[in-house]
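Trainee: Listed in order, the protein sequences are those of chains A and B. Residues in the first sequence are numbered from 1 upward in steps of one, following our numbering. Residues in the second sequence are numbered from 1 upward in steps of one, following our numbering.
Any given hint could be a false lead.
Note that identical chains are pooled: a pair holds if it fits in a single copy or bridges any two copies.
To be verified - Calculated pairs, BS3-like style, for lysine-lysine (alpha carbon to alpha carbon, straight line, at most 27 angstroms): (1) Lys213 <-> Lys139; (2) Lys215 <-> Lys135; (3) Lys184 <-> Lys139; (4) Lys197 <-> Lys215; (5) Lys213 <-> Lys9; (6) Lys51 <-> Lys9; (7) Lys32 <-> Lys139; (8) Lys215 <-> Lys184; (9) Lys197 <-> Lys64; (10) Lys39 <-> Lys199; (11) Lys112 <-> Lys32; (12) Lys178 <-> Lys119.
Everything labelled a hint here was simulated from the structure, so no lab data went into it.
2 protein chains.
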Amino acid sequence: MGYYDSENKFNVAVDCIIFGFDDEGLKILILKRNFEPAKGNWSLMGGFLQKDESIDESAARVLKELTGLTNVYMEQIGAFGEIERDPGDRVISIAYSALINIKEYDKALVEKHNAFWVKYNNIPDLVFDHDEMVKRSLKELRRKAAIQPIGFNLLPPKFTLPQLQRLYEAIYQTTLDKRNFRKKMIEMNVLENTGEKDKESSKRGAYLYRFNKEKYEQLLHEGLSFGL
Amino acid sequence: MGYYDSENKFNVAVDCIIFGFDDEGLKILILKRNFEPAKGNWSLMGGFLQKDESIDESAARVLKELTGLTNVYMEQIGAFGEIERDPGDRVISIAYSALINIKEYDKALVEKHNAFWVKYNNIPDLVFDHDEMVKRSLKELRRKAAIQPIGFNLLPPKFTLPQLQRLYEAIYQTTLDKRNFRKKMIEMNVLENTGEKDKESSKRGAYLYRFNKEKYEQLLHEGLSFGL
DNA sequence: CCAAAAGTGTTATTAATACACCCATGC
DNA sequence: GCATGGGTGTATTAATAACACTTTTGG
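Work the whole structure out from these sequences, hints included.
Mentor: Dropping the structure here:
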């Protein structure tokens with residue numbers, strides 16, 4: 001294949017920005033590297049692209065290696081390709097963000113990789129350009145969460161409205177008006193009240209809702225807006 | 001460097017979606033390939049990443065090879081990495097969009113590459129996944145143009161308000177109210193009336209404006225919104 | 001019985017939209 | 001003098017933001 005430039009081939013990596021949410025707020029999962037290079041420093045979970053996988057598949061595999069999770073909402077953030085971004089060797093890295101339910105992941109795997117959840121407004125310095133990747137993916141998350149109900153991916157299948165509100169408040173680092181928030185969420189018409197109540201965080205208990213993906217997909221086709 | 005995977009190296013390419021605008025509307029610049037592979041088919045302008053350049057630099061170089069232009073507004077659209085996206089060999093391609101002033105490019109170079117401007121709602125089928133790249137970059141352009149005044153990059157340094165309006169109408173494939181449009185543009189406070197008039201498209205003549213980049217940068221820091 | 005969180009509507013403000021006529025000039 | 005495109009303000013409507021009290025129940 002003489003058209004392809006065999007002299008100029010590169011390692012291609014994927015790096016994952018893994019978001020989670022619990023009662024302490026929005027968090028990302030990062031590694032305290034117990035391997036070279038940059039051993040001892042903090043970094044995102046990453047891995048090299050293999051010949052038998054697409055870049056999306058590669059990102060899913062890397063996420064699975066750390067969390068055990070499959071079928072996770074992931075989104076490409078972009079390609080990072082400065083010459084010296086990785087001082088070890090030239091590597092083109094493609095950043096992906098993942099939104100997971102923080103209650104469900106393989107703790108043994110995470111421990112094995114020496115990974116920890118850190119609150120996203122308290123992230124230590126990361127190796128290479130991983131700081132920028134995180135910044136970009138948070139920006140993307142904020143942009144996207146305002147126009148599409150991707151936040152549900154950060155919650156368990158059943159969740160309460162106060163919980164959902166706290167999630168959005170964490171994402172945007174703001175406080176929202178309870179009544180206006182509930183109004184909008186309910187008007188979206190993609191929430192189903194299960195009738196059950198969650199009594200974990202209050203005596204009275206809050207209704208548990210479910211996200212109705214079918215209704216949402218339908219709305220998408222009709223053209224939905226959903227403003228914050 | 002034992003940490004890096006010398007078995008799994010890939011060709012990395014950049015492909016450019018080059019937008020232009022004239023009185024016929026919004027256009028992109030594509031090649032009728034007079035080279036293999038897929039000779040005779042239409043494609044985006046692209047090129048392989050070299051060892052001595054970052055991916056952003058690579059995209060700028062590729063754009064320059066076709067148009068002769070430097071210092072062009074470019075934006076990364078994303079990485080495309082399906083295994084079989086290029087049937088010739090495995091290639092990871094990173095798409096970039098470029099907004100140029102269609103009056104200023106090197107016509108000899110464009111001719112040499114067998115490239116042509118086509119109206120963007122009349123684009124022929126393109127090779128590989130280039131159709132998807134175009135679709136994505138148009139979507140990005142629409143998203144971005146509504147919140148940042150990037151449209152100016154598609155116009156000459158001095159332009160009239162009717163011209164600017166036609167540009168936005170072309171981007172969004174809609175018609176806009178003249179008065180509301182002018183109001184918003186002027187309220188943004190980044191347009192300077194040069195006092196000169198352009199008489200090309202009317203007898204009366206329309207004022208020529210200039211985009212004030214300094215004012216814009218300033219607004220950006222103060223946090224600007226700019227809704228359509 | 002009271003503390004703590006859940007639930008519920010209405011009004012005020014602001015932003016977006018709709019709309020029609022006069023102006024300047026080249027032919 | 002008239003056809004062509006350029007320029008201007010106000011009223012309506014829709015969206016967003018502000019706001020306070022009642023309900024439930026475990027301790």
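Trainee: Hint by hint, say whether it matches the structure.
Mentor: Results for each hint:
| no. | hint | result |
| --- | --- | --- |
| 1 | Lys213 <-> Lys139 | both (24 angstroms within a copy, 24 angstroms between copies) |
| 2 | Lys215 <-> Lys135 | between (32 angstroms within a copy, 26 angstroms between copies) |
| 3 | Lys184 <-> Lys139 | both (22 angstroms within a copy, 26 angstroms between copies) |
| 4 | Lys197 <-> Lys215 | within (23 angstroms within a copy, 53 angstroms between copies) |
| 5 | Lys213 <-> Lys9 | neither (42 angstroms within a copy, 39 angstroms between copies) |
| 6 | Lys51 <-> Lys9 | both (13 angstroms within a copy, 8 angstroms between copies) |
| 7 | Lys32 <-> Lys139 | within (24 angstroms within a copy, 38 angstroms between copies) |
| 8 | Lys215 <-> Lys184 | within (16 angstroms within a copy, 36 angstroms between copies) |
| 9 | Lys197 <-> Lys64 | neither (32 angstroms within a copy, 62 angstroms between copies) |
| 10 | Lys39 <-> Lys199 | neither (44 angstroms within a copy, 66 angstroms between copies) |
| 11 | Lys112 <-> Lys32 | within (11 angstroms within a copy, 53 angstroms between copies) |
| 12 | Lys178 <-> Lys119 | within (24 angstroms within a copy, 48 angstroms between copies) |
The structure fails to meet hints 5, 9, 10 from the earlier list, while all remaining hints are met.
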